[in-house]
Amino acid sequence: MPHLSEKRYIPKLIETQEQFIAILSVTVSELSGLFQIVEASTLSANMFLKHLIVLADFGGEMIKRVNGNFNSLFPLNRLEYLWSLQNYSYQFNSLPVPGQLTNTKLGIDGKKILQNQSLSLVHKDLIVILLFGANSLNEKTAEVLAKCEIGNYLGQPDKLDKFIKQRYIWVSRITSGSQSNTLGQIAQNFVKQYLQDNLDVRDINIVPNGHLPGVRHTEESSNGLTTFDIIVCKEEKFVAIEVSFQVTTNSVIERKAGQAKSRFEQIEGAGYKMAYVIDGAGNFERENAIRNLCTYSHCTVAFSHDELNVLCEFLRNYFVPNNE
Numbered sequence: 001m002p003h004l005s006e007k008r009y010i011p012k013l014i015e016t017q018e019q020f021i022a023i024l025s026v027t028v029s030e031l032s033g034l035f036q037i038v039e040a041s042t043l044s045a046n047m048f049l050k051h052l053i054v055l056a057d058f059g060g061e062m063i064k065r066v067n068g069n070f071n072s073l074f075p076l077n078r079l080e081y082l083w084s085l086q087n088y089s090y091q092f093n094s095l096p097v098p099g100q101l102t103n104t105k106l107g108i109d110g111k112k113i114l115q116n117q118s119l120s121l122v123h124k125d126l127i128v129i130l131l132f133g134a135n136s137l138n139e140k141t142a143e144v145l146a147k148c149e150i151g152n153y154l155g156q157p158d159k160l161d162k163f164i165k166q167r168y169i170w171v172s173r174i175t176s177g178s179q180s181n182t183l184g185q186i187a188q189n190f191v192k193q194y195l196q197d198n199l200d201v202r203d204i205n206i207v208p209n210g211h212l213p214g215v216r217h218t219e220e221s222s223n224g225l226t227t228f229d230i231i232v233c234k235e236e237k238f239v240a241i242e243v244s245f246q247v248t249t250n251s252v253i254e255r256k257a258g259q260a261k262s263r264f265e266q267i268e269g270a271g272y273k274m275a276y277v278i279d280g281a282g283n284f285e286r287e288n289a290i291r292n293l294c295t296y297s298h299c300t301v302a303f304s305h306d307e308l309n310v311l312c313e314f315l316r317n318y319f320v321p322n323n324e
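Residue numbers (my numbering): 1 to 324.
Calculated from the structure, these hints are not laboratory results.
Treat the hints with care, since some could be wrong.
DEER-style ranges, computed between Cβ atoms [said to hold, decoys possible]:
no., residue 1, residue 2, range
1, 200, 115, 27 to 35 Å
2, 189, 161, 23 to 31 Å
3, 105, 270, 51 to 59 Å
4, 40, 261, 45 to 53 Å
In silico lysine-lysine, DSS-like type, Cα no more than 30 Å apart, as pairs [unchecked claim]:
no., residue 1, residue 2
5, 234, 261
6, 64, 111
7, 159, 12
8, 111, 12
9, 64, 112
10, 237, 192
11, 162, 12
12, 105, 147
13, 159, 147
14, 147, 162
15, 237, 261
16, 192, 234
17, 159, 140
18, 162, 234
Think of the CB as a built atom: it goes at the ideal place given N, C-alpha and C, for glycine as much as any other residue.
Sequences and hints are given; from them, build the entire structure.
Shown next, in the form of structure tokens:
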């Protein structure tokens, strides 16, 4: 089971991811420009740092290791690195700190992650390491910090988007301590809550782990009612929604894809609708299975605010045709 703190910050990471991407998408010529954008943003500095840590798969033990071995990693107390084919040098202002550098001290653990913190000197030092550590001119340092490479995509929205999809928050070992089925429950709850907050259809019911009347398992060994992640219903109209994200195992994805056609035929025959929320990230490696899900659905959207708004619009059009 995940710690309570993980349950707190994972939905918050999802909620603020678009803000985080927007900050990194701005073209800057030097780090001071990036820091100014972070300071001006409504995204707190500690939440921005948390996003970088997850993307770099840079857990608490690694942070302690860098602080404890700082002088060997950065003997001149600066990071000399390559960025856009030019050499740069960043002088550290706060690291190393006395004792251990913990998530609590950085404001990125437990309750503190939900408290807005302004950009501190230690935040800046760690942000630079997470952005450009892999670009260090010191080969040994670059090897230790091999995953700290997101700085290469600053100001390049397309490349940034692709990189972040490959390193999406659900794939990180930092969050994989929370078992995938628990993370699945969090993602499912996030979608359910988003629909409750944004659907705006009178007398609508949104039920987690619900059933569609008459829609059953197709396997001979079981003829029970099929359970769907979310059921949205009003009077005699029903929509089943399945939520798929990156830590969903290949076997589950393949099984859902294999069942998609028969499920769709049952659902459509009964006059209901089928929708999927797919994060897109990581699932690109399971393209055929995902394509099958898309083919046999009435609405397929990605895991983002804009896409969930598309799902809301689809549901409104189904439940309240012609804005009746």
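Verification of the supplied hints:
no. : hint                  : in the structure
1   : 200 - 115: 27 to 35 Å : 31 Å, holds
2   : 189 - 161: 23 to 31 Å : 26 Å, holds
3   : 105 - 270: 51 to 59 Å : 56 Å, holds
4   : 40 - 261: 45 to 53 Å  : 50 Å, holds
5   : 234 - 261             : 25 Å, holds
6   : 64 - 111              : 20 Å, holds
7   : 159 - 12              : 24 Å, holds
8   : 111 - 12              : 12 Å, holds
9   : 64 - 112              : 18 Å, holds
10  : 237 - 192             : 18 Å, holds
11  : 162 - 12              : 21 Å, holds
12  : 105 - 147             : 23 Å, holds
13  : 159 - 147             : 16 Å, holds
14  : 147 - 162             : 15 Å, holds
15  : 237 - 261             : 21 Å, holds
16  : 192 - 234             : 15 Å, holds
17  : 159 - 140             : 27 Å, holds
18  : 162 - 234             : 38 Å, violated
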